[in-house]
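All chains, please: the whole structure from these sequences, using the hints.
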Amino acid sequence: MAAKETKLRDVVLESGIEVKPIYRPEDIAHIDYERDIGEPGEYPFTRGIHRYMYRYRPWTMRQYAGFGTPAETNGRFKFLIAHGQNALNVAFDLPTQMGLDSDDPMAYGEVGRVGMAVDTLRDMEVAFEGIPIDKISVSLTVNAVTPIILAMYLTVAEKQGVPRDQVRGTTQNDILKEYIGRGAWIFPVEPSIRLIGDTIEFCAREAPKYYPVSVCGYHIRESGATPVQEIAYAYCIAKAYIDEVLQRGLSVDDFAGRISFNFNIFGNLWEQVAKFRAARRLWARLMKEEYGAQKPDTMKMKMIAGGGGSGLTIEEPENNIVRGAYYALIAALSGAQTSALCCYDEAYTIPSPKASLISLRTMQILAEEMGLCDTVDPLAGSYYIEWLTAEMEKRIVAEMRRVDEEWGGIVNAVSQGLVQAEVARQAYEYERKLQSGEIVKVGVNKYRVEGEEFVPEVELHEYRPEAMEEQMRRLAQVKAERDPVEVEAALAEVRDACASGHNVMPAMVRAVRAYCTLGEIVGVMKEVFGVFQEPVRV
Amino acid sequence: MNHRPPVRVLIAKPGLDGHDKGAKVVAHALRDAGCEVIYTGLHKTIEEIVEIALQEDVDVIGLSILSGAHLPLTAKLMERLREEGMTDVTVIVGGNIPHGDRPKLLELGAQAVFATGSRLEEIAKFVTKVKRRE
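Sequence lines, in order, name chains D and Y. Numbering of the first sequence is given in the numbering used here, commencing with residue 1 and proceeding in unit increments. Numbering of the second sequence is given in the numbering used here, commencing with residue 1 and proceeding in unit increments.
For the record, the hints were derived by calculation from the structure and aren't laboratory data.
Straight line, CA to CA, 20 Å or less: simulated DMTMM-like cross-link-like pairs of lysine to aspartate or glutamate:
1. Y/K44 to D/D104
2. Y/K104 to D/E462
3. D/K441 to Y/E121
4. Y/K44 to D/D103
5. Y/K125 to D/E431
6. D/K20 to D/D10
7. D/K288 to D/D253
8. D/K433 to Y/E122
9. D/K446 to Y/E121
10. D/K433 to Y/E121
With beta-carbon atoms standing in for the labels, derived distance ranges:
11. D/R55 to Y/R119: 39 to 49 Å
12. D/V12 to Y/R82: 45 to 55 Å
13. Y/K44 to D/R425: 21 to 31 Å
14. D/V536 to Y/P103: 27 to 37 Å
15. Y/T116 to D/E486: 45 to 55 Å
16. D/E369 to Y/P6: 50 to 60 Å
17. D/E466 to Y/E121: 34 to 44 Å
18. Y/P98 to D/V440: 22 to 32 Å
19. Y/P103 to D/S500: 49 to 59 Å
20. Y/P103 to D/G530: 35 to 45 Å
21. D/A29 to Y/P6: 49 to 59 Å
22. Y/M86 to D/P132: 52 to 62 Å
23. Y/E121 to D/P21: 30 to 40 Å
Don't be surprised by glycine CBs; every beta carbon is placed ideally from N, CA and C.
Next comes the structure, spelled out in C-alpha cells:
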C-alpha cells in the first residue's frame, strides 16, 4: 500500500513558474556546461562577465544621492566618498529631469526636492568641485535631458583637466522605460530615440570609455512587471537603441559594449539569482547570434543591481535594513558589477546620512566579512538554480516574442500605451495579492502590530524652501554675467541640429559652455520636436 | 432598490512627479468597486485638473503625489475649486504622505488622506459612499 501523500503548499514564482519541492540531476540533464553555462568570463557568460569576478575586485558600491542645491549635494558626495564609497549616482530634482529652470512656475515647490537642481553649467561645476572625475566613476540619473547634462559633465571634466576620451561614467538615458514607469519624459517617442542614438554615436566616437545608456528594467519592475517581463522589456528596449545606431553606419562592436543595464533585486531570492544568470546568457546569445557581434565585450551584459524600493515598507522601517541586506546578498550571488541599495527610510523620505551609511556598510560587511567575494558564481551547478536559470531564459525569450508579434515591437507598444497597460494590470494584481495576504509582507500583512497608527520615529529629511531661493539667485547671476550674443547663437545652433537631423551633441556642448540654461535649451528642442502625448489607458 | 448612480472619480497626477503605479492601482480598484474612473495622465497643472473635473462632471478628485509637494499642490487645488464654485467636489489625497502632514491636508480641505500602504477596500468604501453632486 502506498504511503499517505504529504500535502504540501503550491509554490509559484512571480514569473509564473511552478517550483517542485526537490530538484535532482535529471532536471538539468538537458543543460550542457560548455554550451549553456561556460567558464566565468567566457561565452555565454552565465557565470559572470569576468574570469575572477569579486575575487579580483568586489562589486562597485554606488549609493544614489543628491538633494537641494549643488553645494549641498557636493557635501553629501564628499561624505559618502570619505566613508569608502567608490562611485557616485547623482539624483536630480524633477524640474531638472523635466527640462525646466528653477524659476519656471511649473517648478514651484519641486526645486531641490528629490534631487539636486541644475539650471546651468555653473551648477555642475559646483556639484563636482573637489571630486576627482578621473578617479570616481559618476552615474547621472537623467533621461530626457541627457544630451544637455552629458555635455555639461564632459565640459566640467575638461575644466578639471580630464580629456573627453578618459572620462568614465554613465548616464541613465533610457527614455523608453520613462514612458513605461517613472514618467520623466518630455519629447515624443521617435525624436527621443534619435537623441539617444546621438549620445551613443557621439560617445562611441569621442568618449569611448563612457557608458551613454543604462537600460532600466529596474523601473519597469518597480511599476509592476514580473522579473521575466523586467528583463524582456529591457532587452527589447536595448535592441531598439542598437537598431537606431546601426542605421548610422556603426557596427555593433563599435558601441553596444557600452550599453549597460540597471536591474532590480527585490523579490524571491532564487528567482532573482536565476534571472540575472539567464539574462547574462541570453544577452550574449542575442548579441552574437542575432547581431553578429565579434568582440566578447559586446556580448557581456554589464549591470547595476538595485535594491528595489517597492520591496521596502513604511511599517516597521528598521525591517528594511534586513531586507536590504538580503537584496545585497542576491546581488552578490548574481554577479552584479555594481550595487546600490535603497535605504531603510526611503519608503517615506530622502535618506538621512545615517540610513545612507547603513546601506553602504551592509554591502561592505557582505563583501569583506561574509566571504561573498571568495569564489565565482557559488550557486552554479545547483540543480534548482541551473534548472530555474534555463526556465527563466525560456520565458524571457517568449515574452520578447510576444512584444514583437502581438504588440508590433516595443516602440509601437510604448507609443500606444500597451506595455504601460500590461504593467499596470500586473501592479494591480500584485497589490490585491498583497492585500489579501497571498503575498506575505512581514510586519505589514502578517505579524502586524495592531493598535496605534504607525508614526515613523526616524528623522524626516526637511525640504528647505531656501534652496529654491538660492538656486534662483544663482540662476539670475549666471544670466547676468554671460555673453548674450553667444547664447543666442548657441541656441540657434541647437535648433538647427535638432531640425536638420545632425548629431545634436556638438551644439549641446557649445550651448552649455555659453551658460545657456537647461530650460532655454529644452524650450528650443520642444519647438522642433513637440511633446509626448501620453496614451492614457487604465 | 439600490439604483444609486455610480460615483464619478478623477484620479489626477499633478506636477512633475512621474510615479503613477499607485494612481493606476487605485483607478483599477475603484472601477472594480463600481465607480466611473477617469485618469488624467502625468504632469498636469492644477488648472488642467480642474478643467477636466469640470468637463467630466466628477464627484471626487483623487490627487496622487509622491514627490513630497503634496501641501502646496493640494492648497492650490482647493483654491482653484473655490474660484470655480466647485466646493462640493470631494478631494482625497494619496501617495507618499508623512503622518504629520495628514492633519494639514485635512485642514486645507481634503476629505480623506490615503497614504502609501492604505487598503484598497478602505479607499473604495470611502469613495463609493460619496454623495453624487447635484
